[in-house]
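Student: Residues per chain, in single letters:
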Amino acid sequence: MLPESDIPIRLVDNEAHLDFLGAQDDPWLRLLIAEFDRFEGFPRRQLSEALAGPMPRPAPQWKRRAAARILFRLWDRERPQAIQPALLREVLFRCAAQSKAERARVREETAFVLQIPPEQLSRWLFCDLPSERLMKRPTASPSPQVLRQETNLAIAQAALMRAATVSIDLVGNARAIVRLARLRGLLCSVMAQPNHAPPTLSLSGPYALFRHTILYGKALAELLPRLAWCNRYELRAQCRLQGRLRDVFLDQDSPIAPAKEPKPFDSKLEQRLADDLQQHATEWHIIREPEPLTAGKHLIFPDFLFQHRLQPERRVLVELAGFWTPEYLHEKFARLAASNAPNLIVCVDAERACGVQAAHETLRLLPYRGHVDAKALMAKVERLGI
Amino acid sequence: MRLLFDRGTIVLHDLPSSLDPSIIPGVLWDPRIAAWRAPGRLAYPLASELRRRDVRLSDRPHPQLSPPTGFQPVALRPYQQAAFDAWHEAGRRGIVVLPTGSGKTRIAFAALAATRTPALCLVPTRALLQQWANELGKYYGGPIGCLGDGQRSLAPITVATFASAYRNMALLGDRFGLLIVDEAHHFGNARHDEALDMAIAPLRLGLTATPPAPGPTLQRLSTLIGPVRFELKISELPEDSLAPFDRITQPLWLEPEEQRTYDDLRTLYRGAFAAFRITHPVAKWDDFIRIAANTDSGRRAIAAWRSCQRLLAFPRCKQQALATWLQRLSDRKTLIFVADNDTAYRVAREHLLMPLTCEIGRRERSVMLEHFRSGKIRALVSAQVLNEGLDVPDADVGIVVAGRGGEREHTQRVGRLLRPSDGKRALVVELVVQQSTEVQNAEKRWSRLVA
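Note that the protein sequences, when read in sequence, are chains A and B.
For the first sequence, position 343 (counting from the first letter as 1) is numbered 344 according to my numbering, and the numbering increases by one without interruption.
For the second sequence, position 200 (counting from the first letter as 1) is numbered 230 according to my numbering, and the numbering increases by one without interruption.
The shape of chain B in the complex, shown without the other chains (with noise of 0.2 angstroms):
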C-alpha cells in the first residue's frame, strides 16, 4: 500500500482488500478521485496506525527538503531549557506559553537545532519575516528560505508569513518534517488553520504568550499543533529574566465640548446596542455591527461608535500629555503605541518621529529599526506593528496613547520594553480619558498582565 501526498491531503492507494480505511479516524472517501483521502497532517499517524495493523507501506510521504546542518549551540536559560525538555519529552509537539520577551524564539531555535529536519517556521507579519531570518542567521550558517513580503526562496529552514503559508502549503506541504508558529493563538480559530492541517510535518512546536482560553480554540489548537507542554507566568520568572518596570497612569479630561460630542454619540451607538441586545440577547459586537448595517438607524449607531474610537484615538489632552511625556523623556528610547495608522502619522508629522506601520516597507523598516538600535533616532510610533514579536531590546519606555485590541495587545506591547539589560528599568506611561470606555477597559487589561 502507498500514501501519496496531493496537494495538502495524503491519498491512499493499492488498499488491501481486508483494510476498511472508514473505520480510520481522519480519512474521507473522495467521490470525485474515486480513492481515500486524510488531510497532510494526518500523514505519519496515518502510517503508524496502518503499520500497526499489519500494513505494508511501500510508500509514504517524508519531508522532500535534505536536513539543514551548520547550527551553532544555542544557550538556554534555565527556564528556557525546561519548556524546551518539556516540549520534547512530550513528542516533539505542543504549545509552549512564554511572557513576551523571555527569549520564545530562543527555545524555538534550539529545537530546530535538536531536531535537524527540514523545517518551516510561520510568523504573523512581514515585520517578523525579517527579524526570524536575521536572528536565525546567528545560529545557523545555511541558506535560509523566505516566504511573503515579496520574497519566495525555499530552504531547507524557511520562514514564511501565515498568509503565505497559508496560500502556499499545497505545494510546501510535504517540504518539511518541524513547523514552528510564532504567536501561535492565531490559529484555532478557522482563519487560517488549513496552513498547519494540510503539512504532513509530525513535528511541531507553537509559541506564544497569550494562548486562547480553555474553549473550541484551544481545543482545535491543540489538535494542530499539540497541547501546552509548557506554560510560565511574568510572576513565576527569574527576576533577572524580564527587565523590572514602573507603570504610571495618567487620567486625562476631554474638552467640555468634545465630552458632550463624546456623550452624544455613545448615548446614540449604546441605545442602539441595548434595543438589539433586546431581539438578539446572545448576540455579541460583530453580530450587532453586522446586521445593523442593514439599517439605516443601525448605520448611524456604527457611525458613532466609529467616531467615538476617533475621538478617544487622539483627543487634545492626550495631544498635550504626549508632547510633555516626549519632551521630558527626550533622552530615553520610547515607543508610542496608538490606536490606528492615521493616528501613527499624525503624531509623526507633529512630532517628527518615525511612524512604524503595515504600509512602511520592509528595507525602510529595518533600516530605521537600526537607526533606534544605534541611537540615531529616540523614538517610534506605531499602531499595530510593534504589537506582536518584534525584537526592539533596547527600548525602556512605553507610552500607551490608545488601543484596540485588549489585553492581548497590551500585553504583547508591555512586553517590547521587558527584555532585559544591565541596570534596566522599564517605563510604561498610559494615558486613559476619564470617563469613557478607556478607564474600564485598562482597568482590565492591567488585571489580565499582572495575573
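If we strip away everything but chain A, and leave its shape as in the complex, we get (with noise of 0.2 angstroms):
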C-alpha cells in the first residue's frame, strides 16, 4: 500500500480528487522503468537515492513517487545461492571483535572460510535486508500501460485505507460486495432507495461510531477491486488526508483495474453447503445467489432460494450469517414478516455470536461448528416450505 504522502491528491475545499495517471504518463512511465532496468544488481538504496534526484523527462513528483512505489513492489532480489547474508554478517562481525588484525585481512580470511569469492563478500553482507537487497529485474517487465493500471489501484486503495465511513450506491452484483464486507468484520447498511435507484451501501466498523477511525481502512480498501466487477457505482468516503476528513468520491469511470474474477463461492462453508445439498436437496431447486429482497427500507440478501421442483409456490431463503446478535436476528425476522417476504432460515456460527454463549436453535435458525449440517438445514426447509 502506498504511504499518505505519495498519494497524488488535489484538494479543493472539503474534498480530495484523486489524480490518476493517464496516457499522456506513459512516455515518463517508460523512462522510469528504464530506470529500474539500469540498476539491475544494485542495492535499492541507490536507486531510491537516484529515483529522489531530477528525471530525463519531467514527471509529476506525486505520480512518480507513486508509479516508483509499485515498480519496486513488481522487483524481485537477487539471492546469493553460495551463502545466507545472515550467516555471513554472523562470521564476518564475530571474526572481526576477535581479531587485532587490519579489516582488510579479516575480510579475506572470512571469504576463505566461508568459501565464497571475497570480491562477493560486501556486496552480499546486507543484500537481504529490504533496503539494502540487490535489484533484479521481474521474469515479465511490466508495461507502461500495466504499470499506470497498478499504481491507479494503489493510488485508489490508499485512500481508502485512511476511510472513516463508505457509502456506495450500487447496481449489479451488490451481494458480492455485503458478503465480502461482512465477512471482513464491517457494518453494512443496505438501503433500498424509491423508483428503482440503485441500493446504497452504508459500510463502516463498530467503533467508527466514536471517532473518526481508520482502523477499517484496509477492510474498505480491499472492497475496491471487486467494484469494478459491478455495473455502475458511484463510492463517496471520508477519509483522513493530510490531517483533516475530506471526501473522496469514485465511480465506474476512475481508471481502476478490476480484481481477479470473483470466485464461484465465498467462502469454503459455502461451497461445502452447496456440495452436500446436492445429495440431500433433490426434491428442490437450490438457487444460489437469488435476488436481493426488500424488507421495508432494507434490503436482505439470501445465499440460496430453495425452491420445490413439483410444488413451486414452495420457496424458503436461507443465509449463511457472519457476525450475528440475537437482536440483529429478530429484526430481521420482524423485517421479513412485516414485507411478506417468503420464509428464512439464518445459519449462524456458533463461535462468532457477539457476547452470546450459545445459540438457541429454532425453527428459522439453524447454529452450526465448523459446517452447516445439510441433512438438518433440509429438515427445516421442508418443514418451513409448505
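If you are wondering where the hints come from, they were derived from the structure by calculation, not from laboratory data.
These numbers were taken from a predicted model, which means no experiment stands behind them.
Glycine residues also receive a C-beta, built at the ideal position from the N, C-alpha and C atoms.
Be aware that a few hints might be false.
[What the hints assert, rightly or not] Simulated crosslink set (DSSO-like; lysine-lysine; CA at most 30 angstroms straight-line):
#1 A:K333 to A:K219
#2 A:K269 to A:K376
#3 B:K454 to A:K101
#4 A:K269 to A:K381
#5 B:K454 to B:K406
#6 B:K406 to A:K101
#7 A:K376 to A:K333
#8 A:K333 to A:K269
#9 B:K363 to A:K101
[Claimed, not checked] Taking CB as the label site, the calculated pair distances span:
#10 A:E16 to B:Q280: 48 to 58 angstroms
#11 B:Q349 to A:L184: 46 to 56 angstroms
#12 A:R80 to B:Q464: 39 to 49 angstroms
#13 B:Q349 to A:R80: 25 to 35 angstroms
[To be verified] Coverage of chain B stretches by chain A, computed from C-beta distances (three or more under 8 angstroms per stretch; other residues unrestricted):
#14 34-47
#15 57-68
#16 380-388
#17 402-416
Two chains, two frames, a set of hints: combine them into the complex.
Tutor: This is the structure in C-alpha cells:
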C-alpha cells in the first residue's frame, strides 16, 4: 500500500481529488521502467537515491513516487546461492571482534572460511535486508500501461485505507460486495432507494461510531477491486488525508483495474454446503445468490433460494450469517414478516456470536460449528416450505 | 439488561424502559444496528454506573481467558515498590514514570503477579516483543502468548506489539483484565489509541521514561490508561539505581567544501521556511513539509533540508572521530547510535560492526544480542532499534554519532548505558559538528536529560 505521503491528490475545499495516471503519463513511465532496469544488480538504496533526483523527462512528483513504489513491489531481489547473508554477518562480525588484524585481512579470512569469492563478501553482506537488497528484474517487465493500471489501483486503495466511512450506490453484483464487507467484519447497511434507484450501501466498523477511525481502512480498501465487477457504482468516502477528513469520490469511470474474477463461492463453508445439498435436496431447485429481497427500507441478501420442483410456490431462503446478535436476528425476522417475504432460515456460526454464549436452535435458526449440516437444514426447509 | 462485547465496543441490550442511556457519558445511539453502544474501555465503568442506577445486569463482558498461575515472587527495589504501591492504591490504573534503566519492567511483572488476571502487555517494537517474553519467562511458569513479528499465539499472559494490538483488538478486546503499556508515551496522539479504547480491561498500567508534556496528549493518555501516579527523575533516584556516567562532547568541524555545501543548503531551506512563516505564522515544520511539497521551490527546499541531514549524519570528521574512538575503546562494550539505517550499514561495513536495525530479523537479532552479552562481539551500531526499551545490560560506552528524534530519543539512548552493575561507570561520547544545528540540539537534549 502507498503511504499517505505518496498519494497524488488535489484538494478543493473539503474534497480530495485523486490524481490518476493517464495515457499522457506513459512516456515518463517508460523512462521510469528503464531507470529500474539500469539499476539491476545494485542495492535498492542506490536506486532510491537516484529516483530522488530529477528525471530526464519532467514527471509529476507524486505520481512518479506512487509509480516507483509499485515498481519496487514488482521487482524481485537477488538471492546469493553460495551463502545466507545472516550467516555471513555472524561469522564476519564475530571474527572481526576477536581479531586484531586489519579489517581487509578479516574480510579475506572470512571469505576463505566460508568459501565465497572475497569480492562478493561486501556485496552480499546485507543483500537480504529490504533497503539493501540487490535489485533483480522481474521475469516479465511491466509495460507502461500495466504500471499505470497498477498504480491507479494503489492510489485509490491508499486513499480508502484512510477511510472512516464509505457509502456506495451500486447496480449489479451488490451481493458480492455486501458479503465481502461482512466477512471483513464491517457493518453494512443496505438501503433500498425509491423509484428503482440503485441501493445505497453504508459501510463502517462498530467502533467508527465514536471516532473517525481509519481502523477499518484496510477492509474498506479491499472492496475496491471487486467494485469494478459491478455494472455501475458511485463511491463516496470520508478519508483522513493531510490531517483532515476529506471527501473522496470514485465511480465506474475511475481507471481502476478489476480484481480477478470473483470466485463462485465466497467461502469454503458455502461451497461445502452447496456440495452437500446436491445429495440431500433432490426434490428442490437450489438457486444460489437469488435477487435481494426488499424488507421495508432495507435489502436482505440471502445465499440460497430453495424452490420445490413440483410445487414452485414452496420457497425458502437460506442465509449464512457472519457476526450476529439475537437482536440482529430478531430485527431481520421482523422485517421479513412485515414485508410478506418468503420464509428465511439463518445459519449462524455458534463461535462468532457477539457476546452470546450459545445460539438456541429454532425453526428459523440453525447454529453450526465448522460446517452447516445439510441434512438438518433440509429438515427445516421441508417444515417451513409448506 | 445485558452488556455485550461487539468487536471492540459494548452494545446495550434489553434496556429497562426507565433508563435513558443518552445521559451516561460515552454511550451513543448506533442507528446502524438500532442499539446503544459504548467503547470497550467503558465496559466496567458502565456496569458500575448501571448498578448505581439500580439496573440489574444479567450479562456483562468479563475477561474470557483463564487467570494466569505460576508466578515467582518479584523482588522490587524500594523506589519500584513505591511506584507499584502508588499504582495499586490508585485503583490499579495509571502511569508510572521512571528513568530508562531503572527497572520499569519489574514493576509490570509485579503488577502481573499481584493482579492474577489475564493480561495483555503492549510493546512498541518487534525487538521488545521477544525481550519481554524472555524476561517474563523468568518470573512466570505458564504459557506466554505473542502477537507480532510473525507470531500469533494467545495465552493468559500475552505480549503484543502496538501495531498487532491495533489490528486485532476487535477480537482480543474482551480477553484480558489487565493492560500493561510499555513506552506509554506513544499513545494519546490518536495514532493507535483505538487499541486501548477497544479493550474492556479495567486495570491498566502505563510505563514511560518520557511522558508527554501537560496538554491534550497527556489528557487523552489519562483517559485511556489513567493519570500519572508516580514519577521519579534521574536526579531523584537512589545513587546505586543507575550507573554513574561521564559525558564527553567532542566538537568537530566539517571540511571546507562540506561546510560550503551545508551553508548553501541551509540558506535555501531556511529562506523558504521563513517565507512560509510569513503566510502561516502558527504553522509547524510538518505543515511546511506538507505544503511545500506542492511547489517546485518548496520541493527544492525540502530536498535541501534532507541533504543537510544526510551531510551531518556521517561527514568525514565524524568518520575519523568514530574510528579513533573505536580504536581507543576496543576493550569496552560499545553502542553506536546513528541517525538512519544507511549510516548504520556504512559504519558496519567500514568497521565490521554488527548493525542492529529494524530490518534485521528476530532470530538474528537475538543471536547477536546474546553474542554481545557474552562478549563475542564488542559493539553494536543502531539507528532506532536501541532507542527504546531494549535491554543491553553490559553496554558501558555509547557513541552518539547523530540522531533524529530529539530530546526524547537522547534520554532513551543514554538510558541504555545506565543499567547498574558492580563498579560500572558509563561513558557517553557525543560527536557534534560545530557551526551547524547540532550544537543547539545537543545542548537542548542534555538540558532535558539533566532536568
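Student: Looking back at the hints listed earlier, which ones does the structure fail to meet?
Tutor: Violated hints: none; all satisfied.
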